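Q: Protein chains in written order, with my numbering: chain A, 26 to 148; chain B, 68 to 463.
These aren't lab readings, by the way, just hints derived from the structure by calculation.
As the structure is a computational prediction, the values presented were derived from the model and not from experiment.
Please note that the accuracy of each hint is not assured.
Stated by the list, open to error - Just the calculated beta-carbon pair ranges, DEER-fashion:
#, chain 1, residue 1, chain 2, residue 2, range
1, B, 427, A, 126, 36 to 44 Å
2, A, 128, B, 258, 35 to 43 Å
3, A, 69, B, 220, 45 to 53 Å
4, B, 265, A, 128, 28 to 36 Å
5, A, 126, B, 206, 55 to 63 Å
6, A, 67, B, 238, 28 to 36 Å
7, A, 126, B, 390, 47 to 55 Å
8, B, 185, A, 147, 57 to 65 Å
9, B, 265, A, 48, 19 to 27 Å
10, A, 127, B, 311, 45 to 53 Å
11, A, 69, B, 396, 47 to 55 Å
Unchecked claim - Restricting the straight-line Cα-Cα distance to at most 20 Å, the calculated cross-link-like pairs of lysine to any residue (SDA-like) are:
#, chain 1, residue 1, chain 2, residue 2
12, B, 259, B, 246
13, B, 259, B, 277
14, B, 295, A, 127
15, B, 255, A, 48
A virtual CB, placed ideally from N, CA and C, is assigned to each residue, including glycine.
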Amino acid sequence: MARILIADDSETILLLLQTRLEMEGYEVETASDGQEVMEALHRARPEGGPDVLLLDAMMPRKSGIDALRELRAEGFDTPALIVSAHQDELDAGAPNDVDVSGYVTKPIDFDRLFASIAELTRR
Amino acid sequence: MLTGLAVIGVGRFLQQRQDFEDAVARSYQVEIAARNRLARGERPAAARMAILAQQRRRESLREDIGGQTRDTALLVGAGLIAGLTGAALLFSGLISSMRRPLEELVEASERLAGGDLQTRVKVGGLSETAALGSAFNEMAAELERRAGERERLDRMKDEFVLTTSHELRSPLTSVQGFAELLMLEREKLTPKQAETVEIILDNTRHLVRLLNDLLDLARSDAGRLAIKPVETEVESLVDDSVRTMRSQTEARRQSLTQEIDPSLPPICVDRDRIRQVLVNLLTNAHEYSPEGASIRVTAGLHDAEVQLVVSDDGPGMPEDQLEHIFDRFTRGDAGLTQHVGGTGLGLAISKSLVELHGGSIEAASAPGQGSRFCVRLPIAAAAPRTTPDPAPSESL
Chain A
26 MARILIADDS ETILLLLQTR LEMEGYEVET ASDGQEVMEA LHRARPEGGP DVLLLDAMMP
86 RKSGIDALRE LRAEGFDTPA LIVSAHQDEL DAGAPNDVDV SGYVTKPIDF DRLFASIAEL
146 TRR
Chain B
68 MLTGLAVIGV GRFLQQRQDF EDAVARSYQV EIAARNRLAR GERPAAARMA ILAQQRRRES
128 LREDIGGQTR DTALLVGAGL IAGLTGAALL FSGLISSMRR PLEELVEASE RLAGGDLQTR
188 VKVGGLSETA ALGSAFNEMA AELERRAGER ERLDRMKDEF VLTTSHELRS PLTSVQGFAE
248 LLMLEREKLT PKQAETVEII LDNTRHLVRL LNDLLDLARS DAGRLAIKPV ETEVESLVDD
308 SVRTMRSQTE ARRQSLTQEI DPSLPPICVD RDRIRQVLVN LLTNAHEYSP EGASIRVTAG
368 LHDAEVQLVV SDDGPGMPED QLEHIFDRFT RGDAGLTQHV GGTGLGLAIS KSLVELHGGS
428 IEAASAPGQG SRFCVRLPIA AAAPRTTPDP APSESL
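Pulled out of the complex, with its shape left as it was, chain A reads as follows:
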């Protein structure tokens, strides 16, 4: 089953995402900021790492968008979904220069989220 790396600075949200994704049958790894996301991908590099990244747009230390920008520069092409509290956050920090596969706004519509992930893991 596909592996998903989720990152959010809220433990509650991480728990929610992890529970729902595992119920859907995905293998889940968690990170609490962009720095941890990068470390996780660097560690996993030889075997390829997660199939999909699900990153919160705003996180302390390093945001999901900043982490993704750096990862893309390093050559990582793992598809990524960005989670944001609201469209405004994306309007403000929407990265035109970063390859993002899609956006998810809070409160999370899980049916749509699962559909997006299924689409990305089929490729």
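We have chain A already, so just place chain B on it with the hints.
A: Okay, now just chain B, sitting in the frame of chain A:
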């Protein structure tokens, strides 16, 4: 200087007059002396000669003074005319030196009244106009300061609402998410527990709606409400909105019908936003009308606009309520219906959205005669637009 000439002229005239009077007086004295000699009989022939001579002298003096007076009068006249001309020139110079700054003040006042609070005038010219100019500048500076202060407070309010609705979103995501999680295992819950979770979910969704509406209004106030118009078929837009509402109206056995003029041209609108407006109007019709009511959506051409009308045969509204129907947090008297789930912001947002599209919205109603909401949208393809952006958006 020319006035000086007139003064000199007058002085000279007075001096000449004085000399003339003196000469005449002396001439009379000589004549009187001669008459006395004549009376005493001293050398009468010589005395008569002297009298005649003095009379002639006075005549010639009078002629002289007449000529001199004329000359002096001419001189004085010329002096006066020159003086007046000089005064007129001086005066017009004075007026024009006041006029320019005054004209500038008038123009600046008009600019200020027109909203250009940065307008200032050049301070200069006569001390009075300079004082007026600096008073004007002080006033404009004060107005600008106050306007800036108000704008700052407005922005703080908008930021506050934007930030608050953002901060509330994460905990709400958790509440809703975990409640949904519980509902996924509904079979393991007692009916009472399942009902409790349903209530949590209902209220969470209501809070999310309220947050979304508040966010929309704050964005609208901050000039950040953006629309992305694309060419849209009216029929599919109405179909879509009606489909969204179908299950809710059927649950209350309300009829929901639509009638769309097949010749309608496409409109250029932000599909999601106009759909939001229609769903909002339909939701109101549904919630404020009793079971079994009829709700109707029609679309037709009206002048150069597409007119979308949502009407119902519900209880209607009295005039005082109708007046404030588009105000924030205005909600109809829910006494007739058990459950009205709106936020009280829907119509205020609908109005902002329709106006952002260059359209208009109006309501007509009377107690017992149902309600009718009419949205007019321009047909002409509009370029994508947003409200003017007063401040760069910040990350929240």
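Q: Next step is simple, just say for each hint if it's right about the structure.
A: Against the structure, the hints come out as follows:
1. One distance hint, 36 to 44 Å for the beta-carbon pair residue 427(B) and residue 126(A), holds here, with the actual separation near 40 Å.
2. At roughly 38 Å, the beta carbons of residue 128(A) and residue 258(B) sit within the given window of 35 to 43 Å.
3. For the pair residue 69(A) and residue 220(B), the beta carbons lie near 51 Å from each other, so the given range of 45 to 53 Å is met.
4. Between residue 265(B) and residue 128(A) the C-beta distance comes to about 29 Å, which sits within the given range of 28 to 36 Å.
5. Between residue 126(A) and residue 206(B) the CB atoms are about 58 Å apart, so this pair conforms to the stated range of 55 to 63 Å.
6. Judged by the Cβ atoms, the range 28 to 36 Å given for residue 67(A) and residue 238(B) holds: they are separated by roughly 32 Å.
7. At roughly 49 Å, the beta-carbon separation of residue 126(A) and residue 390(B) lies within the given 47 to 55 Å, and the hint holds.
8. For residue 185(B) paired with residue 147(A), a C-beta distance near 59 Å keeps the hint of 57 to 65 Å intact.
9. The given range of 19 to 27 Å is respected by residue 265(B) and residue 48(A), whose C-beta atoms sit roughly 20 Å from each other.
10. Taken as a hint, the range 45 to 53 Å is violated for the pair residue 127(A) and residue 311(B), whose Cβ atoms sit roughly 23 Å apart.
11. For residue 69(A) and residue 396(B), the Cβ-Cβ distance of about 52 Å falls inside the hinted range of 47 to 55 Å, so the restraint holds.
12. Of the pairs offered as hints, the one joining residue 259(B) and residue 246(B) holds, with about 14 Å between alpha carbons and a cut-off of 20 Å not exceeded.
13. Pair hint residue 259(B) plus residue 277(B) does not hold up; C-alpha atoms about 27 Å apart against a cutoff of 20 Å.
14. For a cut-off of 20 Å, the pair hint linking residue 295(B) to residue 127(A) stands: about 19 Å separates their Cα positions.
15. Restraint check for residue 255(B) and residue 48(A): the C-alpha separation of about 16 Å stays at or below 20 Å, so the hint holds.
When the structure is compared with the earlier hints, violations turn up for hints 10, 13 and for no others.
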